[in-house]
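A.B. asks: Chain residues, written in single-letter form:
Protein chains: 2
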Amino acid sequence: MSKIYVTGLGPGAADQMTIRAQKVLERCPVIIGYTVYIDLIRDEFPDKTYLSTPMRKEADRCRMAFAEAEKGQDVAMVCSGDAGIYGMAGLICEIGRDYPEIGIEIVPGITAASGGAAVLGAPLMHDFAVISLSDLLTPWEKIERRLDAAAAADFVICLYNPSSRKRADYLERACEIVLKHKKSDTVCGIVRNIGREGESCEILSLEQLREKKVDMFTTVFIGNSATMELNGRMVTPRGYRDV
Amino acid sequence: MSKIYVTGLGPGAADQMTIRAQKVLERCPVIIGYTVYIDLIRDEFPDKTYLSTPMRKEADRCRMAFAEAEKGQDVAMVCSGDAGIYGMAGLICEIGRDYPEIGIEIVPGITAASGGAAVLGAPLMHDFAVISLSDLLTPWEKIERRLDAAAAADFVICLYNPSSRKRADYLERACEIVLKHKKSDTVCGIVRNIGREGESCEILSLEQLREKKVDMFTTVFIGNSATMELNGRMVTPRGYRDV
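Taken in order, these protein sequences are the chains called X and E.
According to the numbering used here, the stretch in the first sequence is residues 1051 to 1293, in order.
According to the numbering used here, the stretch in the second sequence is residues 1051 to 1293, in order.
Looking at chain X on its own, in the form it has when it is part of the complex (with noise of 0.2 Å):
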C-alpha cells in the first residue's frame, strides 16, 4: 500500500526539520507542496518530482497527492512549520476518505510558536493560546471571541497570520480587546523570518504592539501577566520556587 506523508518542514532552514521528515523525504520519490516550501528543499533533495498548485489551492494539492499514490508511489506532502498546526494535515484527512487504500503518516515539525519562542527567549513556559488572525476561514467575530477569553484567563497568546494586505489593521484590533483585560506594560513579542535568511525579533509593550505595523512572516507573542524582560528576552516564569 502506497502512502502520503503529510511532512512538516519546520520553520525555514532545512536543519529545522526533524531526522524523520528528512526520512520520509529521502525516501518518497514524490514531494508534492507550495513553490516556496519546495524551493527549500529541492537542492538536498534533487532526484524527486516535484508536484505543485498555486496558493489557496489546497484541495486541488490534496487531491493531486492521492493521485500520485494510486500509481503506487509514496508521496510527501511538505508545508512549512508542523503540518498538524494550520497546515495540510487534516485536509489529507478529510479528502482521504474518498481513498480508503492509500494510507495516510503525519510527521510533525517545529510550529512557529516553539520556533519563534525560541528566538525570543522562553514566552511560553506557562499555559498558552494559539489563535490565527486569518478570517478567510473562520468568522471574525469567533476570533474576537477567543482572543477576550484567553486575554481574560491570562493566558501566553501566540497570534499567527497577524497581519496581510487585506487585514492591515487586525493586529490593532486584537491588542485592543486583549488590552481590555491585560496591563498595555504587558510584555510581548514579535519575530520574523523564523529560522530564515533576515530571521529578526522585538520585545514591545502591548501599547506599543498595537501600533506596529507586521507582514504575513510574522508571528506575534503576547505574555501573561508574570512576563518579563531579562537581558533582551521574552520570559515567562514557570514558577520553580528554588531559583
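Hints are supplied without guarantee of correctness; some may be wrong.
Which copy? The list can't say, so a pair holds if one copy fits it or any two copies do.
[Stated by the list, open to error] Derived DSSO-like pairs: lysine-lysine, alpha-carbon spacing no greater than 27 Å straight-line:
1) Lys1262 / Lys1192
2) Lys1230 / Lys1107
3) Lys1073 / Lys1098
4) Lys1192 / Lys1230
5) Lys1230 / Lys1073
6) Lys1098 / Lys1262
These are computed hints drawn from the structure, not numbers from a lab.
Quick caveat, the model's predicted, so the values are computed rather than measured.
Mind docking chain E on chain X? Use the hints.
C.D. replies: This is chain E only, laid out in the frame that chain X set:
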C-alpha cells in the same frame, strides 16, 4: 564565549529531534539532563560527559550547566519535547542573569501537542489552548479559570500533565469544567508514550474521557465543536470551503 544550548529532543525516539538539535549534541562536549532523557541519547553520542540531577532539582541542574560553561566548554541542556514549552528554557534565562558572560541559545523541539496530534490525526487545525493540569507551581483555581475560558470560547484544548499519583482525579475535574461548555459527545483523544516504545492512542467522547484513568505519560486532546472522528482519526476541520 562558551554557550549553553537548551535543546528539546522531541517526543521520545531519537529521530524526532531536529537536525539542528543533532548538530548541537555533536558539538557540545557536555550534556546535562534528567536521567531518563540522557538514556535516550547516550548510545548515539557516546564520547560525552553526561551530568544529571534528580527530578525536581531543575534549578540545581541549571546552575550545574552554567558551572560547566564557566570552565570554557559548550553545554547542551536537554529536555524531552520542546525546551521552550513548560521546559528548561525559562529557568536557564532566569538564572542566566547571574552569568552574563555565558551565551544562551534555545533549540526548539517537537512538543507533545505537535507529536500527539500527529498520532491522533489532525486535531490542531484550528485555534487551540495548551494547559498543564499540574498544580505544583500554579494554583488550581487559575487552571480552572483557564479551562473554563478555553472551553467557553470553543478552543481545541491540549492538556499536559493530566495526572500523577497525587492528582488522580484532576482529569475528571478538568472534564467537568469543560462539560459546562462543550457537548458530552465532543470528540477527544489521548496519546500515551508519544514517539516511544508502546506508543498508543484512543479516540473517545468527552463523557468517556471524564471516566478515563490516564498516567503522566499521556497527552490529552479535547476537540472543538467541529472536531470529528474520521476513519479512526481525530480531525478538526480548518474550514476550506472547496473540499
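A.B. asks: If a hint holds in the structure, say so; if it does not, say that too.
C.D. replies: Okay, the hints, checked on the actual structure:
no. : hint              : result
1   : Lys1262 / Lys1192 : within (23 Å within a copy, 31 Å between copies)
2   : Lys1230 / Lys1107 : neither (38 Å within a copy, 38 Å between copies)
3   : Lys1073 / Lys1098 : both (14 Å within a copy, 26 Å between copies)
4   : Lys1192 / Lys1230 : both (17 Å within a copy, 19 Å between copies)
5   : Lys1230 / Lys1073 : neither (47 Å within a copy, 44 Å between copies)
6   : Lys1098 / Lys1262 : neither (42 Å within a copy, 46 Å between copies)
When each numbered hint is compared with the structure, violations occur for hints 2, 5 and 6.
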